[in-house]
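Novice: Those sequence lines, one after another, are chains A and B.
Positions 1 to 434 (UniProt numbering) are the ones given, in order, by the first sequence.
Positions 1 to 546 (UniProt numbering) are the ones given, in order, by the second sequence.
Just so you know, the hints here were simulated from the structure itself, not pulled from any lab data.
One or more of the hints may lead you astray.
Here are the simulated DSBU-like cross-link-like pairs (lysine-lysine), alpha carbons at most 35 angstroms apart as the crow flies [stated by the list, open to error]:
id, chain 1, residue 1, chain 2, residue 2
1, A, 209, B, 465
2, B, 322, A, 184
3, B, 232, A, 117
4, A, 239, B, 322
Label-pair ranges, simulated between beta-carbon atoms [what the hints assert, rightly or not]:
id, chain 1, residue 1, chain 2, residue 2, range
5, B, 259, A, 154, 56 to 62 angstroms
6, B, 234, A, 191, 55 to 61 angstroms
7, B, 137, A, 427, 40 to 46 angstroms
8, A, 154, B, 271, 52 to 58 angstroms
9, B, 275, A, 427, 37 to 43 angstroms
10, B, 105, A, 196, 46 to 52 angstroms
11, B, 264, A, 249, 30 to 36 angstroms
Quick reminder that beta carbons are idealized off the backbone N, C-alpha and C, glycines included.
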Amino acid sequence: MPTKHSHHAGCGGADHFSRRTLLKAAGGLPWLTPLAAQLAAAAEADKSGAPAKSVIVLWMQGGPSQLETFDPHPGTMIGGDTKRISTSSSGVEISDLMPSTAEIMNRVALLRGVTSKEGDHERATYNMKTGYRPDPTLIHPSIGAVMCHELSSAGVEIPRHVSIFPNQWPGHGGFLGNKYDAFKTYDPLGDLPDLPRRVGDERFAQRRKDLDILERTFTRNRRSDLEKNRTLHLATIDKAITMMDSEQIKAFNIEDASQSLRDDFGDTPFGRGCLCAVQLIETGVRCVEVTLGGWDTHANNHQLQSNRIAELDPAFSALIRLLEERDLLKSTVVLCGGEFGRTPKINPAAGRDHWPHGFSVALAGGGIRGGALLGETDPEGEKVTADLTDAVGIADIHATIYQSLGINFHHMYDTPIGRPMAISDGKPIASILA
Amino acid sequence: MIWLRNLLFIAICCVAVSAVIGGLVVPQRPPQVAEIAHSLGPVERNEIQAVAVRVDEQFHETWTEAGLEPAPAADDLALIRRISLGLTGTVPSLEEIRVFEARPEEERLSWWLSKTFADRRYGDFVAERLRRAYVGVENGPFLIYRGRRFLTWLSDQLMENRPYDQLTRELIAENGLWTDTPAVNFVTATIDQDGTKRPDPVKLAGRVTRAFLATRIDCVQCHNDNLGGDLKQQDFHELASFFREAENSFVGIRDNGKATYEYQYLYSEETTTVPSQVPFNQHLLKDAATERERLANWVTHPENRPFARAIVNRMWAITTGKPLVTPVDSIPLEGSFETGEYPPGLEPLADDFIAHGFDLQRLIRVIVATEAFQRDSQADFEITAEHEDAWAAYPVTRLRPEQIIGAIQQAAALKTLDAESHILTQLVNFGEHNDFLRRYGDAGEDEFAEQGGTIPQRLLMMNGKLVKERTENNIVRNAATHISQLSPNDPTRVEIAYLTVLTRRPSQEESDYFVARLEDPSLGRRQHVEDLIWALLNSSEFAWNH
Numbered sequence: 001m002p003t004k005h006s007h008h009a010g011c012g013g014a015d016h017f018s019r020r021t022l023l024k025a026a027g028g029l030p031w032l033t034p035l036a037a038q039l040a041a042a043a044e045a046d047k048s049g050a051p052a053k054s055v056i057v058l059w060m061q062g063g064p065s066q067l068e069t070f071d072p073h074p075g076t077m078i079g080g081d082t083k084r085i086s087t088s089s090s091g092v093e094i095s096d097l098m099p100s101t102a103e104i105m106n107r108v109a110l111l112r113g114v115t116s117k118e119g120d121h122e123r124a125t126y127n128m129k130t131g132y133r134p135d136p137t138l139i140h141p142s143i144g145a146v147m148c149h150e151l152s153s154a155g156v157e158i159p160r161h162v163s164i165f166p167n168q169w170p171g172h173g174g175f176l177g178n179k180y181d182a183f184k185t186y187d188p189l190g191d192l193p194d195l196p197r198r199v200g201d202e203r204f205a206q207r208r209k210d211l212d213i214l215e216r217t218f219t220r221n222r223r224s225d226l227e228k229n230r231t232l233h234l235a236t237i238d239k240a241i242t243m244m245d246s247e248q249i250k251a252f253n254i255e256d257a258s259q260s261l262r263d264d265f266g267d268t269p270f271g272r273g274c275l276c277a278v279q280l281i282e283t284g285v286r287c288v289e290v291t292l293g294g295w296d297t298h299a300n301n302h303q304l305q306s307n308r309i310a311e312l313d314p315a316f317s318a319l320i321r322l323l324e325e326r327d328l329l330k331s332t333v334v335l336c337g338g339e340f341g342r343t344p345k346i347n348p349a350a351g352r353d354h355w356p357h358g359f360s361v362a363l364a365g366g367g368i369r370g371g372a373l374l375g376e377t378d379p380e381g382e383k384v385t386a387d388l389t390d391a392v393g394i395a396d397i398h399a400t401i402y403q404s405l406g407i408n409f410h411h412m413y414d415t416p417i418g419r420p421m422a423i424s425d426g427k428p429i430a431s432i433l434a
Numbered sequence: 001m002i003w004l005r006n007l008l009f010i011a012i013c014c015v016a017v018s019a020v021i022g023g024l025v026v027p028q029r030p031p032q033v034a035e036i037a038h039s040l041g042p043v044e045r046n047e048i049q050a051v052a053v054r055v056d057e058q059f060h061e062t063w064t065e066a067g068l069e070p071a072p073a074a075d076d077l078a079l080i081r082r083i084s085l086g087l088t089g090t091v092p093s094l095e096e097i098r099v100f101e102a103r104p105e106e107e108r109l110s111w112w113l114s115k116t117f118a119d120r121r122y123g124d125f126v127a128e129r130l131r132r133a134y135v136g137v138e139n140g141p142f143l144i145y146r147g148r149r150f151l152t153w154l155s156d157q158l159m160e161n162r163p164y165d166q167l168t169r170e171l172i173a174e175n176g177l178w179t180d181t182p183a184v185n186f187v188t189a190t191i192d193q194d195g196t197k198r199p200d201p202v203k204l205a206g207r208v209t210r211a212f213l214a215t216r217i218d219c220v221q222c223h224n225d226n227l228g229g230d231l232k233q234q235d236f237h238e239l240a241s242f243f244r245e246a247e248n249s250f251v252g253i254r255d256n257g258k259a260t261y262e263y264q265y266l267y268s269e270e271t272t273t274v275p276s277q278v279p280f281n282q283h284l285l286k287d288a289a290t291e292r293e294r295l296a297n298w299v300t301h302p303e304n305r306p307f308a309r310a311i312v313n314r315m316w317a318i319t320t321g322k323p324l325v326t327p328v329d330s331i332p333l334e335g336s337f338e339t340g341e342y343p344p345g346l347e348p349l350a351d352d353f354i355a356h357g358f359d360l361q362r363l364i365r366v367i368v369a370t371e372a373f374q375r376d377s378q379a380d381f382e383i384t385a386e387h388e389d390a391w392a393a394y395p396v397t398r399l400r401p402e403q404i405i406g407a408i409q410q411a412a413a414l415k416t417l418d419a420e421s422h423i424l425t426q427l428v429n430f431g432e433h434n435d436f437l438r439r440y441g442d443a444g445e446d447e448f449a450e451q452g453g454t455i456p457q458r459l460l461m462m463n464g465k466l467v468k469e470r471t472e473n474n475i476v477r478n479a480a481t482h483i484s485q486l487s488p489n490d491p492t493r494v495e496i497a498y499l500t501v502l503t504r505r506p507s508q509e510e511s512d513y514f515v516a517r518l519e520d521p522s523l524g525r526r527q528h529v530e531d532l533i534w535a536l537l538n539s540s541e542f543a544w545n546h
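Looking at chain B on its own, in the form it has when it is part of the complex:
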């Protein structure tokens, strides 16, 4: 019998090994995203457009009042570059550009968005942006906080286009194990392992107000000065008290109805038991099974507008690189302190978002359909900082490190690199990605803050290993080699290099210049193409969103 068992064991091993080899060596080709994605129909497109028009009315008003002439419309390639960078963290591939340009003009953008939403890179990239708002970039408490698991779960929710109010309620109120119900990592990320071993109501209150209500109430945690706002220390701790019941146990996070929240207020002699209360819109607070559920229902209540405004502002920032209101997580509850008004676009976008079931993909479609999103960043008149501030011209913003590495990898590949790429390609990309980020620097939690480029970043781009490997002679992963060998002539070579790296065609002047360079006999053709791609990768046009 023993030999039979051994035989069985060997057979299982063989099957396992051949499965792994099969998966690694034989390319798997599921249906391509581009093939299954469909543009919205004309009726739906018109509906989105109608909302965008309402949004644009406000922008037009602002432009007229300020006497700003809006920049002309950007061309389609500029628009898909913005969308890809914002929602997938990379530039469009040559392959994608070709398919895009073959589509009928009126449905191109709509199709591009459908394709984006069906692309796993959308879920992963946007999930990472949201994660930074929800739990930050810290490693968090050992074992009981599972960052990767949380991220994958968030990505799944985005791919399913889960209504955002439901997603939020789960983050705030869910019970269970950090592995089993990944939403609870929002709570476990704050557990103080060296101290109380409990989730920290103070941290959670800070996160909830910033991430979901775009209110920086954490300033009043220790004192009553809210820099012009009228929230008090008590408001903060009463909000924190909603988290008092959350505790960590062998079955994960659960609620203990008996827990109390004690706090010693500034200038107070002793600690007091703090009841739970919300800082505004108290009439929307209703009864529920647990304190956290009460809070979650209040936060996501359709009439609690700060909730919709917060995510509208954040999605605008993710899609465009710059929020409507800066900083992204601080929108005054009563509008501008001077006029009581919100910046153009915010309220109509929030209205539509609430009216249509907190649908994130619809929100993004509306954003992309607006004139504000589609302005060029150049014009034949002088563009000023005022133009950018009012979205009369598209603001030039620095790409974040992940967008830079994503764009380098894609620019070197011609073919689209996505979840359908070969597993080995994905593994190599993943390794390169992390290595590059370590050296280029991570933007951290506050990634929409304006930052300039640094010297180490420029050194890494000019002399770094990755750029070298992606431009030198290499037939496997290298656009420069492919372009030099496969293009019929120099003007085409220059054009393809521009399309793959900068997502545009060269101007006549640029084409003439680089064609002349390619003809220079001092270097071989392949080396010339390598130099061309190096210059494109090192340009500010590559490193900035525009």
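Pulled out of the complex, with its shape left as it was, chain A reads as follows:
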């Protein structure tokens, strides 16, 4: 499928200057006439910034506690032991467990009022990764699969949809087909599994030749378009061999990175995964998800969440900094979140349970407006956020990401059951888009 959007000329860093800035400089939007407002809106639609090209999802499997991360309520009944610290974004305070993240919050748009209807790990994960609630009649594709389907693959010899430390529910192609499934990989040290040849180059080349004899017999007298329209067997084998021989697979290994850079990420498996994600994006990979598990803290919440956060905090902040340093932040949307949050009420085992009624998701990069803050939760923990203002649905997050990627998310896919399905049925969250 051809690329759906056109690439505009790149915009140039500090001296970037949009018509929107100009209009603002002229005195702000409020006093503009309706006609002028229309013109301004038209100008918005035709922004000079190129759309983002890639996405990194830092996937907190199990449900991170909003109260211990991005939405602390110290000194209340629901606050627990977590304190609040100020951040580089004025007016945004986050948990004292995240000092490094606090420093980069001016690049981050924080959604504190995310709500969904899914309180089960598997269903909620599906919801968050695809933007749709589970449906018995079809399987929706994840963001990474849609991106690979919609955006060009030119020049990339390695899989463009990658899941680092996948758990049982990595990003998948769904009805777009399993060729869009995430390529699964683990700690980015050493060789990728199944990549190195098991025999010498010459012997491998001979084996590949032997295969031609077998393929010739098999395709003879069978459907004439067997390889082309059905099996794609040799084509897939040759693509796999291209990948085996590609220089680009080095991106899957972080051993060449300096120790100090590795230390910035916290030299943990998750930290190394985040560093690897940057290398992959740099190589042209469209979507990388890096999973950090262990957030399902039904007991001993504060201690267990703190342990997870100790891995997340350096990795998330170093990821944003490195992307910025390598001039990739503008073209990469970063999402940090899990399938739901945790209950405001602390249970008798000092744990918090599943809470899809108001939790936090952090977005950065791409066309996302750094420092933005949207939504709030009830400090008493009584009211669910859907009843408060600025609640955000899961589909809206997807629409926002697709918007910043320049993907027309209203586009309808033909699904196997014959029901047309929009890429996303959400609404972009205007207030966090730059």
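The hints should help you fit chain B onto chain A, whose structure is shown.
Specialist: Frame of chain A; chain B shown alone:
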């Protein structure tokens, strides 16, 4: 007295340990499946054949109308490969091929099926296919849903050849604990643990209609648009209402006659109490002790044809790799929207299935006896997609991950790997199986949807650990080593490698090519055989059903 008790304890421990060691080390050899299986007698074989002829008449009509010349008959080895892959998830072993070829020609296939039905691998593999339709592949609610227990129970039912209507009634209407009466896991799988703590009538209605009636009524759950069908939102919720009484208690699933089902229909101001009613064939709905029993009796009523059609289509898909009607769980109630007809084969198969007590094994025997099943996938004229669609040529379909791993393990072994294999062999296989599936990917619930192969799958086959271990020098579990050492000459080596991996003999061209390769002095003979098996395992012929 204490020393006596200690002594007794030690004695018991010793007995237990020696029993375990005995079981592990000394091979147990119960009678082999191949030895106890008997072909059907000539009368029964003729009866099956007569039904197959009725089925084939419809296929012939279609072929003639479309001007399609059918492909010639496939040879016996191709047929047993299809049957083994479809019903046991693996290729025939060299051992099995040898016994098969020694049987008299006219009863070979019948014997092969008898052997298959007596083989635990049949129960286990087909049970897994059915489980996906009944409860999906999700882990389900903790504790109250026992997936493995459910699977074993399903496998037992298949081994006993339990009539399918009885099996279905139990799934829908059974009461009790998830461990004690495993059928109730069909219901407990839908319990909403975070919410109502009750079985979910909406999910159950969706499952029942898809799995047992091949009707995708779940589209009308939220609105009235059924993509050309005429079922409405009300039909769905009235069906769901049959499950309103099911509740979970300390004695497991039971029925509470007082429960009601409330729903707020689209565009409606308030919720209403929804009575139970079936969406079609209402005259077949009779009174029974519980609402679920009423539903179960209606679903499985011999005159409720969608029930028979659903399982016929599914068994056809399981046996061949492709359903008669796609998707497997969506057969229009009134036939094709254009002509009101069903695809060839479906109705006569359903007739026979109903007339003979919902006998699954008989159904499979009829399927295998049809000309449609026995067509080759190659011909000396051009085969097109139309040939495949009409079963004038056998459709080439991708093997599912479990079939691939099953076939690799079997191809590396020469001897049959089944429930009679040594316990350690079975344990190793089980571990390898799960490990491979994780990396190769599981096909999930909708496993008959057409999917292509992926790059990670090809990498796993070319460079993966399992293929390496099963082809490298290793005298325990390795056909390559055995073939290189024990065969008298190179042509035999090539032939045995082809038989074990591809279930066929090599063509003259292939034999000449690989014999010449084996004579090449740059590598040792064993390494050459290793390369040969690697190529066979990596061919599309190995990875596809044909």
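Novice: A separate judgement is required for each hint: does it hold in the structure or not?
Specialist: Results of checking the hints against the structure:
no. : hint                              : verdict
1   : A:209 - B:465                     : holds, 22 angstroms
2   : B:322 - A:184                     : holds, 29 angstroms
3   : B:232 - A:117                     : holds, 25 angstroms
4   : A:239 - B:322                     : holds, 28 angstroms
5   : B:259 - A:154: 56 to 62 angstroms : holds, 60 angstroms
6   : B:234 - A:191: 55 to 61 angstroms : holds, 59 angstroms
7   : B:137 - A:427: 40 to 46 angstroms : violated, 33 angstroms
8   : A:154 - B:271: 52 to 58 angstroms : holds, 55 angstroms
9   : B:275 - A:427: 37 to 43 angstroms : holds, 39 angstroms
10  : B:105 - A:196: 46 to 52 angstroms : holds, 48 angstroms
11  : B:264 - A:249: 30 to 36 angstroms : violated, 55 angstroms
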